[in-house]
Structures are given as structure tokens and as C-alpha cells.
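6 protein chains.
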Amino acid sequence: MLIKSADVRKAKNNKPFIAFTFQDKSGQIDGKFWDAKEEDINRFQAGTVVFVSGKRELYQNNPQLRISKMRLAQAGEPSSPELYMERAPIRTEDMIEEINQTLFEITSAPINRVVRYLLKKFHKEFFDFPAAKRHHHAFPGGLSFHTISILRLAKTVVKNYPGVSQSLLYGGVILHDIGKTIELTGSLSTEYTLKGNLIGHIVLIDEEITKACEALKISEDNEDIILLKHVVLAHHGKMEYGSPVLPHLLEAEIIHYLDNLDASINMIDTALQRTTEGSFSERIFGLENRSFYKPNVTPPAQTE
Amino acid sequence: MLIKSADVRKAKNNKPFIAFTFQDKSGQIDGKFWDAKEEDINRFQAGTVVFVSGKRELYQNNPQLRISKMRLAQAGEPSSPELYMERAPIRTEDMIEEINQTLFEITSAPINRVVRYLLKKFHKEFFDFPAAKRHHHAFPGGLSFHTISILRLAKTVVKNYPGVSQSLLYGGVILHDIGKTIELTGSLSTEYTLKGNLIGHIVLIDEEITKACEALKISEDNEDIILLKHVVLAHHGKMEYGSPVLPHLLEAEIIHYLDNLDASINMIDTALQRTTEGSFSERIFGLENRSFYKPNVTPPAQTE
Amino acid sequence: MLIKSADVRKAKNNKPFIAFTFQDKSGQIDGKFWDAKEEDINRFQAGTVVFVSGKRELYQNNPQLRISKMRLAQAGEPSSPELYMERAPIRTEDMIEEINQTLFEITSAPINRVVRYLLKKFHKEFFDFPAAKRHHHAFPGGLSFHTISILRLAKTVVKNYPGVSQSLLYGGVILHDIGKTIELTGSLSTEYTLKGNLIGHIVLIDEEITKACEALKISEDNEDIILLKHVVLAHHGKMEYGSPVLPHLLEAEIIHYLDNLDASINMIDTALQRTTEGSFSERIFGLENRSFYKPNVTPPAQTE
Amino acid sequence: MLIKSADVRKAKNNKPFIAFTFQDKSGQIDGKFWDAKEEDINRFQAGTVVFVSGKRELYQNNPQLRISKMRLAQAGEPSSPELYMERAPIRTEDMIEEINQTLFEITSAPINRVVRYLLKKFHKEFFDFPAAKRHHHAFPGGLSFHTISILRLAKTVVKNYPGVSQSLLYGGVILHDIGKTIELTGSLSTEYTLKGNLIGHIVLIDEEITKACEALKISEDNEDIILLKHVVLAHHGKMEYGSPVLPHLLEAEIIHYLDNLDASINMIDTALQRTTEGSFSERIFGLENRSFYKPNVTPPAQTE
Amino acid sequence: MLIKSADVRKAKNNKPFIAFTFQDKSGQIDGKFWDAKEEDINRFQAGTVVFVSGKRELYQNNPQLRISKMRLAQAGEPSSPELYMERAPIRTEDMIEEINQTLFEITSAPINRVVRYLLKKFHKEFFDFPAAKRHHHAFPGGLSFHTISILRLAKTVVKNYPGVSQSLLYGGVILHDIGKTIELTGSLSTEYTLKGNLIGHIVLIDEEITKACEALKISEDNEDIILLKHVVLAHHGKMEYGSPVLPHLLEAEIIHYLDNLDASINMIDTALQRTTEGSFSERIFGLENRSFYKPNVTPPAQTE
Amino acid sequence: MLIKSADVRKAKNNKPFIAFTFQDKSGQIDGKFWDAKEEDINRFQAGTVVFVSGKRELYQNNPQLRISKMRLAQAGEPSSPELYMERAPIRTEDMIEEINQTLFEITSAPINRVVRYLLKKFHKEFFDFPAAKRHHHAFPGGLSFHTISILRLAKTVVKNYPGVSQSLLYGGVILHDIGKTIELTGSLSTEYTLKGNLIGHIVLIDEEITKACEALKISEDNEDIILLKHVVLAHHGKMEYGSPVLPHLLEAEIIHYLDNLDASINMIDTALQRTTEGSFSERIFGLENRSFYKPNVTPPAQTE
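Chains as they are written, first to last, in the numbering used here: chain A, 1 to 304; chain B, 1 to 304; chain C, 1 to 304; chain D, 1 to 304; chain E, 1 to 304; chain F, 1 to 304.
I should point out that these hints are in silico values taken from the structure, not numbers from a laboratory.
There's no promise every hint is true.
Each pair may be met inside one copy or between any two copies, as identical chains are not told apart.
As the list claims (entries may be wrong) - List of simulated lysine-lysine pairs, DSSO-like, C-alpha gap at most 27 angstroms:
1. 159 with 25
2. 238 with 133
3. 25 with 124
4. 121 with 155
Kindly generate the complete structure, drawing on both the sequences and the hints.
And the structure:
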């Protein structure tokens, strides 16, 4: 397993212990390492691959690992962190391909050029960063995976509702969270940058569109650019969630809903994976602390 | 045009006038008929087809008809209200067919049986009622059209997110607003019934599921039935919007978002139809009084 | 004393301890049992009667029992849990009698028949269940005691305000919380059922009225039945507290106030019983975390 | 009828008209007097008794008088305003007697003395003022009638809940709104005074208790006095409704509920008096703009 | 007087009238021109200087001009709109000088350069635009006057509180509202631009800082620039007021308070100018609809 | 160092420990004393001067003292608590002088006399009490220091905005928080008094003004007195913050803003003193749990 975070604390008996979060592809689990010695603290740091044996227990309804033994990966054993990290369920190449295909459907020239410019500028980060520090899609590649999930819903919307501009909708979806590549520090031990804290990803992407227009010599008064900026600025849907303007375009309203829908499904899905059938999940902070019920699997077409 | 509503009021000069809302397939428009005589009031009532000439004006930014002449349909002229009413853009037969196809994908027997039972019981109303008195899909057939629009989005969701139960999702979508057939009086001059005012469509459909189970001899403790009821009860998403419980099922959360998304698109779409390119619509009451911008049409792939 | 709950946790020194809540007729008190062995955990489970000696201490302003010795009841000693439980201060027979007397004042036939039918159906639970899992009247018989306390206030209201319908008011009071018998699991170790979590006691009782009407062949369009349902559905007073409709009947508004008043008095009363004169109680979660002052007893007619 | 208020306005045709509210013992009704001449304006002022003939009409669902003829009371006709005013349904002497009886149950000497002192000081106003400018009990004597209605409920509470201090509860009820005699100008054409607008009746009565203690040489540190002040200051129950402190005494919480209950019943009752059976009342501003349903009278013990 | 706005409406008798707002240096007043003919509508348009005689009246507590005669300025009479417009009480030259002096106290080089660059870019608009469309400082030069008023308060703050950065505080104050020069259309008949509606002045100024840094070759990672952007972005203090980030810098918090304080004083001051001593002003929309009392002038050192 | 508070608690291993807050002039720090014996608990009580050696550590981002040795002050060592307490950065004599000078600018006789009377009555407490139990200016002399800081800002306001009454503004500032001398117990181990909890400092000072008028024979109907009371009652600005009336005077609005501004600066300043450059402070409870960034010191006039 990979040590995702390692937090040294003091027990009430005054001895240090380490509060771990372990990660493998099946998910995460917490575990406490009691009576930690100086050497343990140095050895077992975040980002290290370790082999742990112990028992899975419930602590205040949350699963926890009761550690009995723990050691570093030895020579010959797999020790690369990447092997243990949760990843997007689509391969990066496929995500790149899917995004590229979508670009052909963005027929507004200024929007198309700005989107291509920024995808190129942030290419590496876009396919590597998580979509959030903790709440949803918090794994490497989460940002692009979240974006693609919304794009797929957006395409159904375009098909079903005639008046929608696909340039604006797809352009807005692709850019809506790309400011997170500046807001956050990266895909491991993700933290907020100073710009992230003081400016925020919503305004950061607006700045990037502004600079892209300067570089591409697109007028800042071009209506399509103003609309694109609006769609990105308004995508949190409410001012109290950090959008400096409320949605005043059909496409802004749609992106707001699809963004929330995809994030919610991911949060619920993640919580339900750790829940037993027939019981309720932990409370999900990002969903007003609601817990969700995981139904008992019903064989299809049962009869009473 | 069809007189959708006719409200007799008193002018400040103490003479009666009639405040009309006219309807034809292109939309609605208001108009005032000044110095109305007794016979005008009797002749020009809601539900009547009339021929009006006059000028379209703006009154406090809302279009209004300045009536210069107005008369009843004469013999030989079309006078059936149905001809002038906005209708769902899909034919009723096609909607019936689409719903029926969907029923095959509801593989949970209790959900399938309850949904069929209630669709049969409310068949006529379901394909005739509006989805709301005023806010969205406020036209004959609006209820089934709204339902089908959500179903289409729901099918994309099922395709993209593996964990979702299609029985619960499709069953919930089909039933979520069917209580409106009891809450409202019908497709013309729609008002709230006493049950609509005092019980509300959310609880009314829950009662119908309860009675359907009694009739079909399905146990009220069947988990699928409890889940179906929950999905319907929680579909307003927040208690302050009238759901007695918050969503605690993945499918309940999804229906809540898709319902809001479809209703919002319809409200914005309706408002933009009455708006000139390059300007803002009227404020939309159901969307926190926001007005929406109707962009200038940009020829595709323009260059700056 | 009775062990009301026994929660095995891990101390920071990694040894298990048991967090008890003890109950006798004078109230409840918490206590921790340190360094619990396997046999202690098995022996001292919730629902067991034990003999404990120790010292009452304050821990963060809450009284707590510092356990020095603890053993099971021996042969010859009282060991029935019922002996130690807090109970309603009125005997069950007297509550039954008082409810029955009230039925004669419900002169609307449909309301009278539905109330009798449901009282009979839930007779055992109604006089045994608590009124809530934790907040107020959380003891066996609490539900009927809470109901009777409100009924007594309701009778003063009927006497003082001429326009009030006593059928609707008394019928509504008796049924308003009876759905808790389905929402909760019982009077000991009370938890929420799946129906309680996903449907809620407000809709559950509405379903019961619906089924009662079917059984009694009372039309669901009978106005008195619609009013009775409304009064029950609206009794939480605000949508954000779980009522799917706001009160639109005088009697609904009155029940809402009396319900809150009785629950508040019970919560404050319970908190003040554990508070010293001249100081403030713990914060009461159900009353916006307010604490209440317990005045010094003033001898009557004192002079300064 | 009595002219309760007469508001001269300008019609859209630029001629003055008078917007009247008429009052007789059966209630109030509005009416507009068109094309008012100088002499009409002078003659028909608020506080005058007039004889009006006309027709009762509905204007936007509110009843209104369409005035056809209107004249002053002539010699020999009753012309005293008192004859036409709505009054409390209890005679002033009986209210005085009921308050006086209650004083004997206030056994705390400092509370008893302060209450007697202030009742004496504001005797005339207390039995003459309305309880509010407009919302509830807005008629002469409304203040004392509102007080007595609450007192009656309070006595049931004392009987049913053993821990309640009747000195504090009854003292608090009697004083809770007596500051309105300073906040408002009187029982006719009631307006807010400068003190009412800038200090408010809640603090004004606190000041009066302070001065009463000085006059009666009761220490301001006497606990009963502090409690009495608290009960009065906290009676609006929430800070956003103007109480500078939240209720922290059982009796403060009770008065808050009973005050709201009595005011709500009076508002609903007043609205229902103007409503036809089987329909909904106007929206009541003081009750979050809800309208209330007036049921069809059901003959007792009907059978379906 | 200057016609500030002229709104043609239809009276209830169906004839057009003009709703004027007149402006001279002493303030504004509304007035209605009844039975307006085609030529009146053409002649009396916004931005025209007119001579009006009539009577000042109160209409629903707001002063209004009852127009008896009205004509255009004749040859030889003053007819330039500028003569009649309210203006900032400081001369433009003095404001320029005061701003320039302040620049010397901005010792951070990047902040100083950006502020100078933007002041130069928007020089004309900054000293000509109002500070808002309607709420506060809604007159030519209002933007710079509002800025200078805050700067004066800011200098006291710097003097009294040692830890405050004057570079950040003064730079932030000068730029905080300069985006209004893009958000609004100008100083006469002020409206929102498309960018104003869809992006808003807070993000617009952030974009300008971004472009200024590109032009001046200042790194966008320079901490002072990040801080300056934050201070501007956060100056509305709360997200629901349109700031995409909450204040996380001492200087951001201070600017937020001083901005609100100056705007409030200006709104109250403007309202009190139209209010008689000893009475309450109109309700001020920008201050939660509160009205403000204008005290009677008390001769200094009076004695009671 | 001074022991500011000493809280005996039980560790999870069941042994008592002491949770200290130490104070010297440089600020405060927490520290835990493990395995405390009876004599340690008696010796090391709040208000005692001790000599401590140990190591400064971070515990969940908050600095904490890891105590290695601790003893009482010995003979010859400084042991007076006053020596170690944080104090206002202005000497008491200077504060007295500054307040006295201000009194000459209060030219309204009734306001001047009331302010002098109350300053005299509460002289000792006013210059000794903190301005709050914990949030801001929580040190001896904090109340008068907070008052003087606001006064200085108020004087700039008077200079910049002509319409402001300095009598009302300065009088209001001086009295606005003086009720805290009754609300709180003193400058050490500050707690709320019963009056503080049940009446609150806002109403307490209103009572004091009332009694001062009685003593000085100033009529309670004097307009200046009503205005002064209003300014004090409304200074929390919003009802939900405990003001029983909203500001309806220009001066009330100004005091509200200046009070908040000064308190906020003090809270941020205090938090930043404990924060390293280039990082964020702890969350500040009184400022909606925001944390504030402490910038890296930039040498003036740097160049990139």
C-alpha cells in the first residue's frame, strides 16, 4: 500500500503516534501506528510504499486498519507509488482522443482557438491533476475524467434541446475547472497554492482566457469570448459558492447543473464503495452531510 | 388567437377593462381591452378563439398587444381552442411508445408492476396535463413531455455511470410528477385542487403508490417499494422546496438534478423565444428572477 | 441501574474501554469503564441491570460517574430492566382512559372512525414507544404522554377560541406523531427503521390514513379527510423541518405551536433536572444549542 | 360606519380620490371615492361617522365597497366613533377583574410589586391601546385582550407542567407588550412614536421596570427582577425578531410560544371572517404570506 | 433643470404620459407630465435642459413635482446639461492632485507601477464616471470622489494601526472600483454594458491587472501582485455580494469596511437631503430598505 | 509567565493533567502538564506567576509549549501578575486625557451630561475591563483602548463628512460598549455575569442612560437622549447580532461600521502575531472562521 498521508501526533500518554491514510487501487483506509519511534517517523513518510498486516475494524462507524506489522517494500517488491494510486477508469490516451474529437464540434473560431491554446498550455497538468483536493475525483487524472464525464452528458443535452450552442457548451465544459491546475499543487499531497487561496480557480481561468486572447490577437470585445468567460465564471451557479456572477446564459445554467451532477455522483459512488449493502454510508461533507443508503441487491424480476 | 385568460378589472377612471392573455402556437402575449362593455365581457371569455388586430408594443420591457379591433371567430373560420394551443413538440403516440419501451428496462418486478398500474390509472391525464400551473412546460402534454425529456437524460446517466439502478431511476422519473394530475385541475385554465393545495403532488403520488401496492398485493415492506417511494418523495432535493425527506439514494439525487435541469432549460427557452437577439429576457420568477441573454447569432467558424 | 447503552471503544493507550450510559428512574448518567477485558464486554451489555459504585464527577461541565466497582444483579436482587427505566408520569391505563374520553368529542364521523381505526391498529406501540429517539420524551410511553400533554393544551384552546374545530384539532393531535411507531424500532435501543429514514413519520401516517379510508370505505375526496391529512402533514410548521406543506388551516397552525411548546418544555425540564440551582444547563441541541438557567429558589413573598 | 383611515391620492387622470377604510363592528372594508372635491376631503376624515350606500365587490380577490352615496351622520343619528369600532369581546371591567385576580397568584414580592406599579402607571393605556398597529388585535382594548388570552393559556401550562414559576410566567405575560403603550400613539389612527421607532417596545418596558425598581427601592440585582426583565426582553424568541437576548429561562420560552400562538389565531380568525366557506383567505403578511382555507361546515356526525 | 430620465408610459385612461426625473444641483425630483402629445415626447427627452413651473407635493411620502408649465431653454438661457448636474464636491484638478500625492506612498514597486499604468489607461473615465448606476455616488465624477473619500479614511487607519501595508491598502483602494469604467456605459443615462452584466467590475479589474503585468513585464507570480489582486477581488466582503473570494488579508478586510462605510454615508446623506427635519426619509434600497430619521436641529449646549 | 487559566482534566489513562494557558507580554501559549499530582494542582492555579522551561511545538498547527520543568516564582523574583499581562499599548493616563479632551466636542448638553455621569460612575471599570471575554481586545484596559481607537476613526469621519453630529457620534462611541462593565466579571478570568447572560450589555447601558437621566433630571422625552439611546442600541447593526433595533440614524450606521472595523483589525492583528510570514493564521472564530495570510516582508521599492 501507499502511504497517502502521515501525520505525527501526540497521544494522551504523551507518546508520539502516526495517523496514516493508506491508499491502494481499491480505495483508502486510515490507521494509527502507536508508540512510534523516531526511526518509524522517518521511515514511514507520505509517498512511501509499505507492506502492512493488521485487522480491519470499525471506529465510530468508519473502517480503520488496526496495524499489527508494517514494513517498507523490499528489493524486488513493487515500490513505485503510481502502482497503488487510484486512477481515472479511462486511459489517458483515450481521454486525450475524446477531448480532441470534441474540439471539432466547437465551430466558433474564437472559442475553438482559445480552448486549443489553453489545452496545449496546460496539457500535462490537465491530464494529471485531481478535480479537487478532497471532495470529488480526488485522484490523479480526476480533472480530465470529471471533464469528460460532463462532456458526455453535455452531448446528450445538445441532442435533446435544439437551442443550445455546442461551441459555448463544450468550450465551457472543457475550461470550467482547468484553473484548478493553478489553484492546486499537483496530484500528490494536493494543497492549495497561494494563488489558489487568494484568487481561486474561477478567476484564474478567466485570467488565462484573457491572456490567451492577447496572445492569439482575439479582441476582448468579441462577443463569443465574453460569453465563454461568463460561462466559466458562472459555473458554480450561486454567488455564495464563489461565482462572481450568476448564470445569465442557457449554457451557463446547463454547465452548472452537469458539473454538480457529476461531482455528486462521484462523491456518492466513492462513499458507497466503502459501505455494506443494506446500510448507510458515512456522512458526505460536500453533500450537506447526508449519508446515502446502499440497497440490498435485488435479483432482477423477483416476485413477491 | 385563443384567449388564455381574461381578467376583468376596474381602471382608475372607474370603467371596467379586460386584461387578456392571448395564446397561439408561437407563444403568448398580453393585451388590455379598455372601456369594456357588459357584452364584451360576456363575449370574450377564456377559452374562446378570437381574431384581433393591433400593434405589438413594449410596456416596461414586456411585449404587449395594443388592441385596435377584436372579434369572435366567424362561421367557416377555425374556432377550436386546440388549434391555437402550444403543445409538446412530440406527438402523443410517440410519447406513449417511448414510455412503453422504457418499461422493459425496469427489471425490478415490484417497481415495474406499480409503474404500469399507475400509468394505466392516470393514462389520459398523464398525456394531457401540463407539468406545472405556470412555471415550466405549462401546456397540454407538458407533463409527459417533461417526463420523457428527463428519461432521455437518465438513459445517458445509466450508460455513463455503472452503479446506477435503471429500475429505480426510470421508475422514479416516470412517477415523479404524476401526482400533478391530482394536484391540478386540468390542461386549460389550470388551477390547484383542494388536495393540491393541502396535500401536494409529492405526497399524493406516495399515496397512490401505497394504494397500488394494496391493489397488487405487494408488501409495503418490500425494499424496492420503499426505495421507489423515497426517490419520488425526495425529488425536490431540499426540504424547503417541499420534499419531506432529503435524497439518501444515488438515484434520488440524480432525478433531483435532471428534473431541475429540464425545467430550467424549458423556462429559459420559453423566455428566450420572446427575446430579441443581443438583449436580455424578462426576469424568470422560477429562476430567482434572473434574466437571460440571447446572444447574437454568430456564423459558424467566423474569423476575427 | 440499567445499562442503557454500552459502546466499546479503544483508548489512546490502545486498550479497550466501555462507554456506558446508565439509567435509573431518577435519570441518566454516563460513565467510562477503563481497561475492559473480554469478559467485561460480554457481561455488561445494553439492557442488563447492574450494581455500580463510584463517584459522581463533572467532566467538561457534564456529570459523569467515575466507576469504582460494578457487578451484575445477583439472585434475589431486582434484575428486570423495566424497574429502572424512566417512564411517563401518568399510568398507561389513565392515558388510555383520557384518550378514549377525547374520542367522544370528535364529532366528525370520518375523522372519528379513522382515528379509532388507527389507535386500535397501533394500540400497543402508541402506549409503549418514545416520542423521539433522543430529543424529547425519549422514554417508553413518551409518545402517548406527549400526545396527552398536547391534548390538554388543545382543550384550553378550544375553550378560549370559538372558531376552532375540535374534531380536527383533537384528531390531528392524536395522530400527529403516531407514524413514529413505524419510523422507530421500539422503546429500547431506539433506532430509525429503513422506512423511518427514507419515508419519515409524517408521510408514513399519511399513508396509514389513506389505507384506513380504503379499509373503512371512506372516500378519499371527503373534505374532512383531506383536512385531517393536511393537519398531520403540516404539523412541523415549516418545510425545512420536514413538512411537505405549510399550515393552511387554523387547526394545523395551532397543533404546530402546541407540539413545539410541549417538546420544548420537556427538553428544558429534562436539562434542568441535571442542573444545579443558580447555574446554566448543558446546551440543548434541539433548541438551537441554547442553555437554560435554573433560578435559585426564592421563598415566596420575600422582601428586599 | 366609521372612517378608520382616509388617504387622499391622485388618480392616473390627475384627479384626487380618497382611499377609505371603513369600520363597523362586523369588521373592515376598503372603498375608493372617485373625483373627490375639496369639500369631500375636508368632510370625510378619519374618525368621522358616515352613512354609506354602495355595492360589495371583489377587487383582486379582496372585498371592496363600491361607493354610490355617502354622507355624514345627521342630528339624531348615532355619531360617536366608539359605537362603530371593533372592540375586545370581553368588557373592560371583566378584563380588569381577571388581571387583578391573577395578581394574587404572583407570589414573588418584587415581581408582584413591579407589576402592580406598572399596571397602575399605564392603567388607562393598557385597557385602551391595540396590541399592534396592524397585524393582530388592532382594535381598542386589543392589548389587554391579547394579554388576557395568553394568561388563560398560561394557566393551563402551570397546571400541566409542575416546574413552571407562576410568578415569573404571569408577571412576564402581563408586562410583555405593555411597552406598546409608549411605542404607539393610541387606539385611533395608530402610528409609531419616535421612541417606538428608535427604541422599540421591548427595551421601553425594560426601562420602565428599571425605573419602577428605583421608585420602589428594589435592588436591580434582585434575581427575580433580572429574571422578569429577561422574560420580557426574550419574548420575541429570536434575535431577528427584535429580542436582544434569546430565551434562557423556561418561562421565557413558554411566553414566546403562547404570544405567537395567540397572535396567529387572531390573525387567521380575522382573515377567515372575511372569507367564504370552501375558499382560501387573503394572504396574511404576518404569517409569511400564507392564505388559510375556510372549510365547508360539516354537519356533526355525518355519515358517508 | 435637466431632464435626467424621461419614461413614456400609458395611463389607465390609455393616454400617454411622461414620467420625468429632473435634476439640478440641489438634487433630484420626479414629476409626471399628463396627456403628453407626440411633440412633447420628442421635445422633452433625457439630457435636455428645461424650464418648469409647478408645485412640490408629497406622493406616498415622496416629494414630487406637480408640473403646471414646462418649456425648453430659449436662446440666451443656459442650456448646457453640465450646468445642472450634481457633481462631486471637489474639483477634478484637486482630485487628480490628491491621487497623485498618494502614489508616492505606494512604495511597493510592482503595485506602484500597475496602479500608475491603470490610472493612466482609464484616466478620463475614472474622473468622469459615477460610482454606481443608481445606489451611491450616482453622478459624474462620483467614482473618483468615492475613491478619494475612502483614501482619506484609509490614511487614518494607516496612522492608527501599525501593521497595515500602505502600498496594498492605497493601491487596493484606488483600483477597487475602477472596473466600473468598463462595467457601465458612462456618466449620463448610465447602463450596464454586456461585459458589465456577464463578467462584472470585480473580475474586469482583475483582468486589467493581469494585462498590465504582461505589458509591464511584471511576473504574475510576484507576491505583491497576487495580494493586490486579492484585495480587489475580495472587496465586496461576502461571496453573496459578488466577491469570488472572501477577504484573507488584513488590508482586504479594511477596504471592504471603508468601501461600505463611504457608500452608506453617501446613500443616507442623499436621502436625508430630501427629508424634512423631525421625520423619516424614504426607504433606502441599498440599505435593506431602512429609512433614516433626520433629527431636529438642536442649538448647541441647550439646557433642559 | 502568568498562568492565565488552569483546567484540570482526566487523561485517557485516567490520570489527571492540567491544561494551562500561559501569558506574558509577548502573547499567550497553551501547554499541558501531564500526570499532575494533588500538590501540582493546588500550587499552579490561575493568576499565579511561574517559571517554565520547555520546548515550543506545533500541535495541529497551533503553537504549544511542551513543559519540561515548572516552578513558582521564588523570593526576589518578580511575582506580580500585572507584570506579565498584555495591556493596551497606550498608558491609562493618556487614555483618560484623550477621552476628556473629546468631551469638549460633545456640545449637546444632555448628551454631554449623561456621558460625563456614566464615565464617572464606571471610571474604574472602563479603564480596566477588556472589550470582550475572548474575541477582541481581551486584555485589561481593552475596553477603553477599543473605545479610543474608534474615537480616532470617528474624528476623521466628522472631518470628511459635513452632516455628521459630533455630539451624537462621540457620545455614542464612548458609551457603546460601557455596558460590558456590567456584563462581564472583570479583567481576570473574565466570565459573563447573570445580568450579562440574561440582559446583555446593549440593554444594560440603555438602562444606565435611563437612570442617569433620572438622576440628572433630564426628561426621557428629550430628543437628544432618544437619539443617544438609539445609537447605542443599534450599534451591532443587525438584529441577529443582538441589536433590538436596526440603525435609523446616520451616526448609528457609522458607529456600527467603525466598531466592526476596529474589532476586526484587532482580531486579525492578534492572529497574525502568532503566524509565520508566508503562511496562514489559525481560523478566527469571530470572523466567520476565516484564516488570514501573513505576507512575506517585501523590501520597499523592489524591482523584478
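Results for each hint:
| no. | hint | verdict |
| --- | --- | --- |
| 1 | 159 with 25 | between (36 angstroms within a copy, 23 angstroms between copies) |
| 2 | 238 with 133 | both (21 angstroms within a copy, 23 angstroms between copies) |
| 3 | 25 with 124 | within (22 angstroms within a copy, 51 angstroms between copies) |
| 4 | 121 with 155 | within (25 angstroms within a copy, 35 angstroms between copies) |
Checked against the numbered hints given earlier, the structure satisfies every one of them.
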